[in-house]
Amino acid sequence: MKKTKLYNVHQKLGAKLIEFAGYLMPVQYSSIINEHKAVRNSVGVFDVSHMGEFIIEVNEALDLVQYVTVNNAAKLTIGRAQYSAMCYENGGIVDDLLVYKLADNKYMLVVNASNIEKDFNWVTQNNKFDAVVKNESDEYTLIAVQGPNSKKTLEKITADPLELEFYHFYTTKINGKDVLISRTGYTGELGYEIYFKGDEAEAESIWNSIFEAGKEFEIQPAGLGARDSLRLEMGYCLYGNDIDETTNPLEAGLGWITKLKKGDFIGRDALLKVKEEGLKRKLVPMILTEKAFPRHGYPILKNGEEIGKVTSGTVSPVLEKPIALGYVKIGYANEGEEVEIAIRKRTHKARIVKLPFISK
Amino acid sequence: MNFPENLRYTKEHEWIKLEGNTGTIGITDFAQSELGDIVYVDIDPDLSEITAGESFGTIEAVKTVSDLYAPVSGKVLEINPKLEDEPELINSDPYGEGWILKVEVENPDSVSELLDSAAYKNLIGQ
Chain A
1 MKKTKLYNVH
11 QKLGAKLIEF
21 AGYLMPVQYS
31 SIINEHKAVR
41 NSVGVFDVSH
51 MGEFIIEVNE
61 ALDLVQYVTV
71 NNAAKLTIGR
81 AQYSAMCYEN
91 GGIVDDLLVY
101 KLADNKYMLV
111 VNASNIEKDF
121 NWVTQNNKFD
131 AVVKNESDEY
141 TLIAVQGPNS
151 KKTLEKITAD
161 PLELEFYHFY
171 TTKINGKDVL
181 ISRTGYTGEL
191 GYEIYFKGDE
201 AEAESIWNSI
211 FEAGKEFEIQ
221 PAGLGARDSL
231 RLEMGYCLYG
241 NDIDETTNPL
251 EAGLGWITKL
261 KKGDFIGRDA
271 LLKVKEEGLK
281 RKLVPMILTE
291 KAFPRHGYPI
301 LKNGEEIGKV
311 TSGTVSPVLE
321 KPIALGYVKI
331 GYANEGEEVE
341 IAIRKRTHKA
351 RIVKLPFISK
Chain B
1 MNFPENLRYT
11 KEHEWIKLEG
21 NTGTIGITDF
31 AQSELGDIVY
41 VDIDPDLSEI
51 TAGESFGTIE
61 AVKTVSDLYA
71 PVSGKVLEIN
81 PKLEDEPELI
91 NSDPYGEGWI
101 LKVEVENPDS
111 VSELLDSAAY
121 KNLIGQ
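Chains as they are written, first to last, in my numbering: chain A, 1 to 360; chain B, 1 to 126.
It is worth saying that the hints were derived from the structure and are not from the lab. Computed from a predicted model, the values in this text were never measured in an experiment. Please note that a few of the clues may not be correct.
[As the list claims (entries may be wrong)] Cross-link-like lysine-lysine pairs, in silico, DSS-like; alpha carbons within 30 Å at most:
| no. | chain 1 | residue 1 | chain 2 | residue 2 |
| --- | --- | --- | --- | --- |
| 1 | A | K302 | B | K63 |
| 2 | B | K82 | A | K2 |
| 3 | A | K280 | A | K302 |
| 4 | A | K291 | B | K11 |
| 5 | A | K291 | B | K121 |
| 6 | A | K291 | B | K75 |
| 7 | A | K345 | B | K121 |
| 8 | A | K215 | B | K63 |
| 9 | B | K63 | A | K329 |
| 10 | B | K102 | A | K261 |
| 11 | B | K121 | A | K349 |
| 12 | A | K16 | B | K75 |
| 13 | A | K259 | A | K291 |
| 14 | B | K63 | A | K321 |
| 15 | A | K16 | B | K82 |
| 16 | A | K37 | B | K63 |
| 17 | A | K345 | A | K261 |
[Said to hold, decoys possible] Calculated from the model, a selection of chain B residues having no Cβ within reach of chain A, i.e. all distances over 12 Å:
| no. | residue |
| --- | --- |
| 18 | F3 |
| 19 | Y40 |
| 20 | T64 |
| 21 | Y69 |
| 22 | V76 |
| 23 | I79 |
| 24 | P87 |
| 25 | N91 |
| 26 | K121 |
Where is the CB? At the ideal position from N, CA and C, for every residue including glycine.
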């Protein structure tokens, strides 16, 4: 099993480590709920080095990015990133990802850890352009610093002022080490993600500096458990749960990143057809009105008949109520619709709401 | 981690404390630690009897859901009313305020057949 360069740090902190996407990753340090609240109320730090980084460069780099992703990468200027997805010909989702424009003819794709190999093969296999694709996933450490005090923490240690708009990035130094910092994240809070190459000692030194800088804000390490509940409170999709090769971006609520008019890309024809014929089902956010814990795979019912399945669920640490995402047949996918979720022997009332679950 | 000598344990990570014919049941420190943050304890409020080895409810933690297994058979006397609003008591005090069920044990002798502290520690590799 693979370990990130911060593995020793997690061990020292007494993290509970689990296998995730071939990596031994911290799922929690103290308590998922406390880590979740630290991010919402102050600042938390995640090691997400398991994520994959591909570099696409040379003359037709943009053409390749445009061809394999659904968002319009031509809109990116140097120093900006965008959320995107890759689709199969049939419109099913290969992965969701971030696209960074590093330079003219140079892009970085940041993909889900569980899909690194599949994605790399997919991009390479569709590279009919004068472009070079490199998988640099093993070289990068990625630390996410998230929460209302993330800026106040990080600006103490960056060599250049940290003044970034949402989804913008810059390169600077921390402890003399070159880093790329983007104002991105998976929590819905003000937050940053720090990418850098280097060995264990360099990764530990940056991690330690972040914690030193965040001391006055009671900065906390946060694991994959909190990462999941934080993203779910915002209604962000998780690949493998809410989206996969059997779902298309339109029914997943990712129409806003799917630019059907940008020109040819893989999956476009299928998605145009989906649009023309209308959606058959839709991913909807639901709040349960009774005490229960919705989980992936639980049936969603209307008048006793199954109309869909839960894809993600948790008890929101902020609302202290059960929340879930799930696909339901299009006729029921309206805000305010009352449905039921079957959990073992009982059914529990739920209502379709609007995202995000929590008000920001 | 703490496994008091005066309790008996099951392979499914419940403990029972016998006082006269009354058994108090909960889950072990190891179990709460493995489950992580507990958010609900789901036991039918009308539960009147439990049967040794059978599930009498579930515990919902953020990470996973787990069945609760009866260490003994008996009549239910009380379900810990505090767990309705403070299920996290199981995390913070698994052998004290985080107790789950009190039962009138049908066969008190059966309790001594359960694992003692040393055998349970051995089971979980501690």
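Hint by hint, here is what the structure shows:
no.: 1; hint: A:K302 <-> B:K63; result: 27 Å, holds
no.: 2; hint: B:K82 <-> A:K2; result: 43 Å, violated
no.: 3; hint: A:K280 <-> A:K302; result: 16 Å, holds
no.: 4; hint: A:K291 <-> B:K11; result: 28 Å, holds
no.: 5; hint: A:K291 <-> B:K121; result: 34 Å, violated
no.: 6; hint: A:K291 <-> B:K75; result: 26 Å, holds
no.: 7; hint: A:K345 <-> B:K121; result: 34 Å, violated
no.: 8; hint: A:K215 <-> B:K63; result: 28 Å, holds
no.: 9; hint: B:K63 <-> A:K329; result: 28 Å, holds
no.: 10; hint: B:K102 <-> A:K261; result: 66 Å, violated
no.: 11; hint: B:K121 <-> A:K349; result: 42 Å, violated
no.: 12; hint: A:K16 <-> B:K75; result: 38 Å, violated
no.: 13; hint: A:K259 <-> A:K291; result: 40 Å, violated
no.: 14; hint: B:K63 <-> A:K321; result: 16 Å, holds
no.: 15; hint: A:K16 <-> B:K82; result: 28 Å, holds
no.: 16; hint: A:K37 <-> B:K63; result: 16 Å, holds
no.: 17; hint: A:K345 <-> A:K261; result: 47 Å, violated
no.: 18; hint: F3; result: 19 Å, holds
no.: 19; hint: Y40; result: 5 Å, violated
no.: 20; hint: T64; result: 9 Å, violated
no.: 21; hint: Y69; result: 15 Å, holds
no.: 22; hint: V76; result: 18 Å, holds
no.: 23; hint: I79; result: 14 Å, holds
no.: 24; hint: P87; result: 10 Å, violated
no.: 25; hint: N91; result: 8 Å, violated
no.: 26; hint: K121; result: 20 Å, holds
Of the hints listed earlier, those the structure fails to meet are numbers 2, 5, 7, 10, 11, 12, 13, 17, 19, 20, 24, 25, in rising order.
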